[in-house]
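Chains as they are written, first to last, in the working numbering: chain A, 302 to 414; chain V, 11 to 124.
The set of hints was computed from the structure by calculation and includes no laboratory data.
Check the hints yourself; a few may be wrong.
Stated by the list, open to error - Here chain A is said to cover these stretches of chain V; the calculated rule only asks that three of the stretch's residues, wherever they fall, bring their Cβ under 8 Å from a Cβ of chain A: (1) 52-61; (2) 111-124.
Said to hold, decoys possible - Among the chain V residues that face chain A by a calculated CB cut under 10 Å, a handful are: (3) VAL14; (4) LYS19; (5) ILE66; (6) GLU68.
The structure displayed is predicted, hence computed values, not measured ones.
In this text, a Cβ means the ideal position worked out from N, Cα and C, and glycines have one as well.
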Amino acid sequence: DQQVKQNSPSLSVQEGRISILNCDYTNSMFDYFLWYKKYPAEGPTFLISISSIKDKNEDGRFTVFLNKSAKHLSLHIVPSQPGDSAVYFCAASTQGGSEKLVFGKGTKLTVNP
Amino acid sequence: DTAVSQTPKYLVTQMGNDKSIKCEQNLGHDTMYWYKQDSKKFLKIMFSYNNKELIINETVPNRFSPKSPDKAHLNLHINSLELGDSAVYFCASSQEGAIYNEQFFGPGTRLTVL
């Protein structure tokens, strides 16, 4: 029962262009959504989050969009930089506080110079 | 300063052995977690502790026993290791009451069972 799905295992973009990473979820009880970035041999690092009462959250080059009716969220990176090359995980939580995160399988982003 | 640290980073052992992985966080967080990333790359919760009390136990074999001596430490002991236990284990921590439940992860421990 994969509650959080990232259907694209990989994505390749040119430096300076937009990267769009997609995530779908099935559990309508999820209230919080987070994106993590992971480099090889390191742990995931928190990138950006959004709550279900919002449809957009922006932090510098990173913007997350949430379409609650479609149970879909996306992470936009613009402009993309080679240092953004990493695996990006979408995660969801039913509430804040100490609740577990449910992760997608990740999308490997490669930004080509 | 390392926020969430794990030791060892790599662990290679034989089937049937018992091993432990240690985790420490210096963020002052109340809650700590263990996640497992298997060969299919899924990152799944195993346990979480809040102020030394177990709050999440996700259908993990009882060969896995977490121990939290204080709220800054959460160790994972695994008895009678099996081939299927080979994975990367991540420790994480978060602050109770954090709105988005941002969790901070350690660098991972790659366990290989031969």
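Structure-based check of all given hints:
1. 52-61: holds (count 6)
2. 111-124: n = 8 at 8 Å, threshold three: holds.
3. VAL14: holds, 7 Å
4. LYS19: holds, 8 Å
5. ILE66: For V/ILE66, the interface hint holds, since the closest Cβ of chain A sits about 5 Å away, which is under 10 Å.
6. GLU68: holds, 7 Å
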